[in-house]
Amino acid sequence: MNERVQRLRQKSYETPVTLSAERAKWITEFYRENIGRYSVPVMRARAFAWLCEHQTLYLGDDELIVGERGPRPKAVSTYPELTCHSADDLRILSTREKTPYLVTDADIELYEREIIPFWRGRTMRERIFQGLPDAWKDAYEAGIFTEFMEQRAPGHTTLDGKFYERGLREFQADIREALDRLDFLHDPEATAKREELEAMHIACDAVIRFAERHAELAEARAAEETRPERRKELERIAATCRQVPAYAPRTFREALQMYWFMHLGTITELNGWDAMNPGHLDRYFYPFYRRDVAAGELTEEEARELLQCFWIKFNNHPAPPKVGVTAEESGTYNDFTNINLGGILPDGSDGVNALSYMMLEVMDAIHLLQPQGNIQLSRKNPDRFLKAACRVIRKGYGYPSVFNADGVVEQMLRSGKRIEDAREGGTSGCVETGAFGKEAYILTGYLNLPKILEITLHNGLDPRTGKRIGAATGDPRALRSFDELLVAFQRQLRHFVDIKVAGNQFIEQMYAARMPAVFLSVLIDDCIRNGKDYNAGGARYNTSYIQCVGIGTITDSLSAVRTHVYDGDALSMADLLDALADDFTSDPALRARLAGETPRYGNDDDAADAIMCRVFDMLLDVIDGRPNTRGGVYHVDMLPTTCHIYFGSVLGATPDGREAGKPTSEGISPVQGADRRGPTAVVKSAAKMDQLRTGGTLLNMKFLPSVVAGEEGLTKLGQLVRTYFRMDGHHVQFNVVDAETLRDAQRHPEQYRHLIVRVAGYSDYFCDLGRALQDEIIARTAQGEGAEGE
Amino acid sequence: MTEGMLFDIKRYAVHDGPGIRTTVFLQGCPLACRWCHNPESQGTVLEKGDQTDGTRPVGRRVGVEEMMAEIERDVPFYDESGGGVTFSGGEPLAQPEFLAAVLDHCGRHAIHRAVDTCGYAPRQTLLEIARRTDLFLYDLKVIDPRRHAELTGVDNEPIHANLAALCETEVSIELRMPVVPGITDTDANLRQLVALVEALPRQPPLRLLPYHRAAMDKYRRFGLRIPLPDTPEPSEDRLREIRSILTSSAVVVVP
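First to last, the protein sequences are chains A and B.
The numbering used here applies: residue 1 is where the first sequence begins, and numbers increase by one.
The numbering used here applies: residue 1001 is where the second sequence begins, and numbers increase by one.
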């Protein structure tokens, strides 16, 4: 890192996160003035253009890549058209202990005076909650599932390489062509398409204008600049912003800036989940890099510096602040941008190039919260690449995470994608599989599997509230066999998934009708050709995911019931239920027996793992392949973010000996501490799930630093990963840290401000995590060598 | 039915031969090295030891079939990494029938076989096992016979003669020496080691295993007297020195 990068990095790290009401102000002003004047898509586009024209610009000293969503780094915009924070929300955000967003009194006053009064009753969140049935609300409040779209827009998407070859002006030509082709005589949707296409055209102008304003600012700064070197840099910035995004980039630097404007455009238009993912940056940037270096216009050092400056821009953009349950399921500054490296090119060849390695080095050098990165590891990629990634992993930031590129392609082929689209795809957010630049693959919410078992064990009642929220699947004391219990569970599962999917369909249509993402639609094939919005099924592929949480907890719970109630004769179902009801307080020995003398998932124990597979098959049966309203279908995802903490908090004691309120297991990882037979056993258990039939799974492993020490430790870690992928595992990520360090960080947070650990599909500053989550991470089994005793 | 007595099985063993391995620790050892990392394997401590620590009791009987099922669980990892199974202990040669039967099975299933031995066994046993083994991890400690007897309880002459005989066979061998400060790392011992290796029919590579104090905890747990309470772990500098001393001889040190 040179001094410039060090300064930029330091600034990004140290600047406190603030909330900026500026976006809210411009959007509100525009809506108030123009209500009823335009169609919905054109209204969205014009409001976006208004914002791009008026938003305060930021151009920092030292910067080479320019543009911020807010008026300055780490000033986070709000989206009152989706969720309008109350004055109380803002005060809480500003003063809470963990991950605060500082809000000025002036902004709170502006909210009270203008923003809240205008949006009251008009926000998506309110309209969605008004339109959902009581059964949905009951299940939601009980913590059976969460809802992604109640305060953030559908997102989870990833861009591909198309705009490195063509500028927005060329996309506008496509849009005009699509407009010309509209057939009002035969196509009943022609009017809607015209509005959508016109909106896309306006949105392109808006982003081009946003860039031009940066060019003007840079020119003005250059005119005043006394240091000749900086003046030259500013002139270069100005020239870059006049080229991109209107026209295709010609150089490495322009390619980076091109992406950055696309990123800013999409995250300013709406607050889609996972911010925006750039996709395979190594392969997109590589032709520019090679050409510039060959032409003598760029040195490796300059390329590295530009990449580092680019990296830091992501960290300047913390996640928009969430409220309520959503804040609990993902309470973090991280906005989940996840950069893909390696993988397979569309023609099937090895995708690793010189930039893949350079970006791993940049990731290592910068190691801020954002962006996070992953490698898409194909059997075609060299071991050298894997080893370079393991070298960064060993540092303990928890990234890069590692994905099975060949498995990801197979998942997409299974769901009917073209092979070149599948290879151009990868994973984003935490672990979600998608075809980059061509798919709207939308997470809809987490599903609390152990809670559904709890409801089953109470014949449809939620024991926490005494309220009937589930189906009457029979008194559990009357179920005569383990199979009967599983049948009851499956009925209960279907009951809740039906409620969830019905709710999703409504919400999807609400977004399609009321909240199109017109700029994003320009960038996702085939929205232009279809004249349809990203949120309305305009993409080539349209997937909905339900993310299932707690497979480890439910497997162990079912295994315990089978072992101790149905196969053993020492415990009756009635006694078990009584023990769960009083959280084992009157029989702690029973808790120890249930936890300690049950075959448990994560130990390569065929009996336990077979239960996991049965539950997984039920999930597929109930969820996979159901149609959504956008012309696509549902698939299963197995990822938790931080929802396992929230889901555990609404869950009583479980038959695996877990106490009431404690976190559930996360991803497809075993219950924390239940895996006692080493990392190969964990990997084998996890691989028994047919992961190719998912849209992503998440496996966390924690290693003691000593096990991955030395070249050999590194090689063998890589081999462990390769073996998991031979068995069709989807993803694995590592924390390389010992529990003592983490406990010390809890005692002395001031000494560990920089400590980054893997949480779920992302890493976070350990000290920013809530206590329950910190404890959960400490409780995860640390893999030493081999099995018990270590 | 041949049965073996184990005291542990470790999967993802990464220091017991090439690749990712499963290491099977057989109970019982004719030696009683003062620096032993696995005192619970030495035989009689089994009955006296504190067995409440792990989830399994120390020492259990297994049949060949059960043993094979456990070993085969990690075949995908062996395949990927060039790993396999390592028999350690205790002293695996102390249970020759069981060991031979399991090695034969592994051979039929194309699983790479390593045997980690102190070399103190009847010649015939050693050679029978060698026919069924791909790699020997052969421990050398203190070369001086009197010192050896003091520190391990046995004469090392048969160990050295066995090693020479093993070198006449085709089996791969890796020599291993625990670096215990003041005991095995003395200049005299290193000189004698070099002389011994140079006199062998062939010169297998040597790996240095730095002594570590982690086993102290085990001694405490098993209620044993801590044998080397003041011996430190070897310093990086001393390890480097030892390497350079050995490198100037015919001994090839594994990095």
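For the record, the hints were derived by calculation from the structure and aren't laboratory data.
A hint or two may mislead.
[As the list claims (entries may be wrong)] Taking CB as the label site, the calculated pair distances span:
| id | chain 1 | residue 1 | chain 2 | residue 2 | range |
| --- | --- | --- | --- | --- | --- |
| 1 | B | 1110 | A | 712 | 21 to 27 angstroms |
| 2 | B | 1110 | A | 384 | 40 to 46 angstroms |
| 3 | B | 1060 | A | 739 | 25 to 31 angstroms |
| 4 | A | 461 | B | 1072 | 54 to 60 angstroms |
| 5 | A | 299 | B | 1168 | 56 to 62 angstroms |
| 6 | B | 1030 | A | 569 | 25 to 31 angstroms |
| 7 | A | 291 | B | 1212 | 51 to 57 angstroms |
| 8 | B | 1212 | A | 15 | 42 to 48 angstroms |
| 9 | B | 1212 | A | 297 | 42 to 48 angstroms |
| 10 | A | 365 | B | 1072 | 30 to 36 angstroms |
Heads up, the beta-carbon is just placed ideally off N, CA and C, and yes, glycines get one too.
Requested in this report: Provide an ascending list of the numbers of those earlier hints which the structure does not satisfy.
Outcome: 2, 4, 6, 9, 10
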